[in-house]
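Each chain, letter by letter, is given below.
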Amino acid sequence: DGGITQSPKYLFRKEGQNVTLSCEQNLNHDAMYWYRQDPGQGLRLIYYSQIVNDFQKGDIAEGYSVSREKKESFPLTVTSAQKNPTAFYLCASSEWGSQETQYFGPGTRLLVL
Amino acid sequence: RKEVEQDPGPFNVPEGATVAFNCTYSNSASQSFFWYRQDCRKEPKLLMSVYSSGNEDGRFTAQLNRASQYISLLIRDSKLSDSATYLCVVYNQGGKLIFGQGTELSVKP
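So the protein sequences, as listed, match chains A and B. Residue numbering for the first sequence follows this note's numbering, starting at 1 and increasing by one per position. Residue numbering for the second sequence follows this note's numbering, starting at 1001 and increasing by one per position.
Isolated chain A (complex conformation):
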């Protein structure tokens, strides 16, 4: 089955700790995205990558970092600089030239202990 997987489903972070959220896709899509969703709010773009070894900041990149070493993988690190990390994190992918059609993974819920 083609699709996007995210792991873990739930993640707990201690104060001052960096944590990394995994996102993998086997759709052969060029573009990948990370969004954050807070309760009662829409999704906000954190980072996106249109091609391997390249990525751009979205609207709320502060406190986050990403890498894109492989086409199928786009991990997100939530650093200790992100002071309010509790949220639902969603990864998505799209074909290059079809950024309006994005396919979402099941999400990771991050909680701060």
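Think of the hints as simulated: they come from the structure by calculation, not from any bench. Check before you lean on any hint, since a few could be wrong.
[Claimed, not checked] Straight-line Cα separation of at most 16 Å, EDC-like style, residue types lysine to aspartate or glutamate; simulated pairs:
#1 LYS1045/B - GLU100/A
#2 LYS83/A - ASP54/A
#3 LYS1042/B - ASP38/A
#4 LYS1096/B - GLU95/A
Just so we're clear, the structure is a prediction, and the values are computed from it rather than from any experiment.
Got chain A; can you put chain B on it based on the hints?
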């Protein structure tokens, strides 16, 4: 002002009711428009695209008014399974999807 704004929810309706959701967007250069459905603690899934001519998919009808920068979704004969949050989404010229905050629908027996 938010770039995409939706009716505040929740909407609580009985089975069989007709319910309409409204959405406005601020960027007149926005190119494409969508309604997504999001179940509790799940990822959003595309419900339907929205065209100026209006489009229908079974019990769901979407309309776009570019002059008023307004998008709507009409659900007829509501089912219990329609209970979810409905997200209005706009694709803008910067190549990004902009999400509204969502409107929660609860269909009761």
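The hints, checked one at a time:
For the proposed pair LYS1045/B and GLU100/A, the alpha carbon gap of about 13 Å is at most 16 Å, so the pair holds. A distance of roughly 26 Å separates the Cα atoms of LYS83/A and ASP54/A; the hinted pair therefore is violated under the 16 Å criterion. Restraint check for LYS1042/B and ASP38/A: satisfied, since their Cα atoms lie roughly 13 Å apart, inside the 16 Å limit. Note on LYS1096/B and GLU95/A: the hinted pairing holds, with a Cα-Cα distance of about 13 Å set against a maximum of 16 Å.
Violated hint: 2 only; the structure is consistent with all others.
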